[in-house]
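Residues per chain are reported as follows:
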Amino acid sequence: MKVAIVGSGRIGPRLACLVTAGEAPAGTEVVGWAPSGAAQTVPAWVGTLALPIANDPFALLAGADGIVVDLAADPHWHQREGLSEAACEGGKALLVDAPLADFAQVHDRIRVAASRSGSRILSVRPIRQRLAMRTGLGIALSDLGEVLAVYGSLHLPVRDPGPDPAPSFEQSLADLLDPVAALLRSPLVRLYAAGQAGVAVHAVGRTEGGVVVTLDVNRFLPPSCGSDGEALLEITGQDGFVRIAPDAADVTVAGPAGVRRIPWREDPLGDAVRAWLSGAADPVSDLDADRHAITALRMVKRSRALGKAVGPDGNPVASVAGAGSPSPAGP
Amino acid sequence: MKPLGVALIGCGGIAKSAHLPALAQLPDELRLLSVMDVNRAAAESTGQAFGVPATARLEEALDTPGVEAAIVTSPEFWHREAVLAAADRGLHILCEKPMASSLEDADAMIAAAREHSVYLMIGHSRRFTGRYRVLREAVLRGDIGEVRTVRENERRSRPAAPATGSYWSPTHWTGDPAHSVGAILTNGIHEADLFTWFLRDVPVSVYAESRVTRAGGRVPDFISFTVTYRNGGIGSSEVNNALPPGYPGFHAFELFGTDGMLSARDSEMRMLEFFGADGAMRDPAAYHHLLHVEEAYVEEHRAFVRSVREGVPLPVPPEEARLALAIGLAADASARSGQAEPVSLAPAKSVHEGGDHR
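Line by line, the protein sequences give chains A and B.
Here my numbering is used: the first sequence runs in plain steps of one and ends on residue 331.
Here my numbering is used: the second sequence runs in plain steps of one and ends on residue 358.
The set of hints was computed from the structure by calculation and includes no laboratory data.
Yeah, the Cβ is synthetic: ideal placement off N, Cα and C, and Gly gets one too.
Fair warning: there could be bad hints in the mix.
One-sided and incomplete, this derived list gives chain B residues near chain A with beta-carbon spacing under 7 angstroms [stated by the list, open to error]:
| no. | residue |
| --- | --- |
| 1 | V38 |
| 2 | S169 |
| 3 | T226 |
A few chain A residues that don't get close to chain B, going by computed Cβ distances all over 12 angstroms [to be verified]:
| no. | residue |
| --- | --- |
| 4 | G22 |
| 5 | T48 |
| 6 | L49 |
| 7 | E89 |
| 8 | R111 |
| 9 | S142 |
| 10 | Y192 |
| 11 | V211 |
| 12 | D216 |
| 13 | F220 |
| 14 | S227 |
| 15 | E234 |
| 16 | D286 |
| 17 | K301 |
| 18 | L306 |
| 19 | V310 |
One-sided and incomplete, this derived list gives chain A residues near chain B with beta-carbon spacing under 7 angstroms [claimed, not checked]:
| no. | residue |
| --- | --- |
| 20 | M1 |
| 21 | Y151 |
| 22 | S186 |
| 23 | V189 |
| 24 | G198 |
| 25 | V204 |
| 26 | R206 |
| 27 | T214 |
| 28 | R219 |
| 29 | S224 |
| 30 | F241 |
| 31 | A305 |
| 32 | P312 |
| 33 | N315 |
| 34 | S319 |
| 35 | V320 |
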């Protein structure tokens, strides 16, 4: 496949590694790279692959079979969506971070375009693709009975831990929303979010089915923690409780200099890239969940801005004055 | 100094599991002189076990010769009556949490204590638990800088066979909407108090979602709530009493500051962890820092006696307990209204200045 890459996110470096290591499928050729905007620094891996650099990312579409839209969600939503839609309209394969868009309507347009042209979309979901997360979600969907509550947290380091670019805070929040949306498959009817902008989100919400969702995302992990990030999902059902901590599997060395963690080596990004390049079906690709995650992400942003609980439309939920006790849940 | 003579008001679960065992470990500090419960059989059973007079009449217990203080362990909807009666007699009071079932009751209790110049301490026992004392001392030393967020998730299981009279059942007061608003005051009040204790700022608003998880249940046994503070700090908690039967109850505590992190996660057997600018420490052997140990209530009683006998500031002044109650009630209101609700702040200044427990 002839592949073009736009942007300087986390996917490009991984793809470049696969190509230079000879681990990409036979016939893979990276044909060009374009920056996400004006005056972007050219990543070192672009030079390593000796890629031609295009000023106009849309110009890359003509000569490629597939495009990697490697743009952070914020502030590049518009360009990310535009390129994704153009790629799908042109019948190109698309590899992009989840979620597809900032608005559900744009998400729907991209999917319709892909459906008409036969484009293959694969959205990267680094948390849901972890083995522990896939295993745990499967158990939660089959063994817990009615899901009552979900708690999800993602703790990220204060500073970037390694050479690969760290995702934006909004992208990290989207990464955590993805497995939650995949589990619940039900829209949120209201959500409240608070926290320091760009650094922390504490959100509590409720789905149509009455499931209470609690989310914590922050960039507070100190360097002495020795961690690249810690995700956690805890799911309470009528018949059981599942705790999924993909980062708990590691070798930890604690000494006078601090704590060093040698994580269980998974490569969700690499797995996604390989699957896309080879045309294989992605075991976690789920664009319906993507749509719920988009709505949830918008609700978080609106609630934080307003300081109020909001509905799916982003407007404040009307306060129910003098309401009685919350309705009992039950069969 | 002679032991402080006390009347125990309420002979239910927390009295038997926590206060009476603590009393037994402090014979030089406290002496039980009478017990009372509206359930005469419960009172007589306790009185017989401890060799003290038992009664179903509050006045009789409080008027027992030698009684200098009351330990109130009844449900919170009865705290006001018991505390006002004790204060009216010049008795000092150690009262279980939550302080009351309404802010009006709490204010009346505080006013009565002031009027009669008696100590009123509320039993927020987590402040006396080893784990939280160690963490708080680290915060006060500045080990992690300014606290930005505090989270404690509290998980407990349902009984295997819900029995009449078990927690949250409709025949128990915790499950009766006439007397209980559910998890937020029954156990979430601990978190409401800890947030302010660690963040050391003024709570502004609360958002909560709750639900009733038990079939036939009538009050929420689950609540998730977030408290925002004036300085931007956040306290969050999921209080979950819906885990499957037999699942061990556990707490997961995380505290992030500008310069580091403190955590204690029972489920991972990580009792105490500290990550700061100078390095990391993990104390995996600190099992004594688990909750539900007698030590906390012994320390709580000892601190109460110290205040009464020596005039040391109360480690849990009633105004701080009122603040925890205000957070809890705002959370309940939020869960009903579907919107964030403001925290009602007490305007009055404490006669008995509070301070840190040492």
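Now for the hints, and whether the structure bears them out:
A cut of 7 angstroms between beta carbons decides the hint on V38(B): the least distance to chain A is about 25 angstroms, and the hint is violated. Among the interface hints, the one on S169(B) is violated; its C-beta lies about 13 angstroms from the nearest C-beta in chain A, farther than the 7 angstroms criterion. The interface hint given for T226(B) holds, since its Cβ lies 5 angstroms from the closest Cβ of chain A, which is under the 7 angstroms cut-off. The claim that G22(A) lies off the interface holds: its Cβ sits roughly 39 angstroms from the closest Cβ of chain B, which is beyond the 12 angstroms cut-off.
At roughly 35 angstroms from the closest C-beta of chain B, the C-beta of T48(A) stays outside 12 angstroms, upholding its exclusion from the interface. Look at L49(A): its CB is around 38 angstroms from the nearest CB on chain B, clear of 12 angstroms, so calling it non-interface holds up. Consistency note on E89(A): stated as away from chain B, and its beta-carbon is indeed over 12 angstroms from all of that chain's, at 41 angstroms minimum. Every CB of chain B lies more than 12 angstroms from the CB of R111(A), the least distance being 31 angstroms, so the non-interface label holds.
At roughly 15 angstroms from the closest C-beta of chain B, the C-beta of S142(A) stays outside 12 angstroms, upholding its exclusion from the interface. A beta-carbon of chain B is positioned within 12 angstroms of the beta-carbon of Y192(A); the least distance is around 4 angstroms. For V211(A), the shortest C-beta to C-beta distance to chain B comes to about 9 angstroms, within the 12 angstroms cut-off, and the non-interface label is violated. Not every CB of chain B is more than 12 angstroms from the CB of D216(A) (nearest about 6 angstroms), against its label as outside the interface.
With a least beta-carbon separation of about 4 angstroms from chain B, F220(A) fails to lie farther than 12 angstroms from that chain, contradicting its non-interface assignment. Not every CB of chain B is more than 12 angstroms from the CB of S227(A) (nearest about 9 angstroms), against its label as outside the interface. With a least beta-carbon separation of about 8 angstroms from chain B, E234(A) fails to lie farther than 12 angstroms from that chain, contradicting its non-interface assignment. For D286(A), the non-interface assignment is confirmed: its Cβ lies about 25 angstroms from the closest Cβ of chain B, beyond the 12 angstroms cut-off.
Listed as outside the interface, K301(A) is consistent with that label: its C-beta sits roughly 16 angstroms from the nearest C-beta of chain B, beyond the 12 angstroms cut-off. Annotated as non-interface, L306(A) brings its C-beta within 12 angstroms of a C-beta of chain B; the closest such distance is 10 angstroms. Chain B draws V310(A) into its interface by the beta-carbon criterion, the shortest separation being 10 angstroms against a cut-off of 12 angstroms. With 7 angstroms as the threshold, the beta carbon of M1(A) stays out of range of chain B, its nearest partner Cβ sitting at about 43 angstroms, so the hint is violated.
A cut of 7 angstroms between beta carbons decides the hint on Y151(A): the least distance to chain B is about 5 angstroms, and the hint holds. The criterion of a C-beta within 7 angstroms of any C-beta in chain B is not met by S186(A), whose closest approach is roughly 14 angstroms, and the hint is violated. Because the beta carbon of V189(A) sits about 9 angstroms from the nearest beta carbon in chain B, more than 7 angstroms, this interface hint is broken. Interface restraint check: G198(A) against chain B, minimum CB-CB distance 13 angstroms, threshold 7 angstroms, status violated.
Hint status for V204(A): holds, given a least beta-carbon distance of 5 angstroms to chain B, under 7 angstroms. Annotation: R206(A) was flagged as interfacial toward chain B, and the flag holds, the nearest CB pair being 5 angstroms apart, inside 7 angstroms. The criterion of a C-beta within 7 angstroms of any C-beta in chain B is met by T214(A), whose closest approach is roughly 4 angstroms, and the hint holds. Interface restraint check: R219(A) against chain B, minimum CB-CB distance 10 angstroms, threshold 7 angstroms, status violated.
Satisfaction of the interface hint for S224(A) is found here, the shortest Cβ-Cβ separation to chain B being roughly 5 angstroms, below the 7 angstroms cut-off. Interface hint at F241(A): satisfied, since its Cβ lies 5 angstroms from the closest Cβ of chain B, which is below the 7 angstroms cut-off. Proximity of A305(A) to chain B is violated relative to the hint, the smallest CB-CB distance being about 13 angstroms (cut-off 7 angstroms). Nearest Cβ of chain B to the Cβ of P312(A): about 14 angstroms, over the 7 angstroms cut. The hint is violated.
Among the interface hints, the one on N315(A) is violated; its C-beta lies about 12 angstroms from the nearest C-beta in chain B, farther than the 7 angstroms criterion. A cut of 7 angstroms between beta carbons decides the hint on S319(A): the least distance to chain B is about 4 angstroms, and the hint holds. Look at V320(A): its Cβ gets to within about 5 angstroms of chain B, closer than 7 angstroms, so that hint holds up.
The structure shown violates the earlier hints numbered 1, 2, 10, 11, 12, 13, 14, 15, 18, 19, 20, 22, 23, 24, 28, 31, 32, 33.
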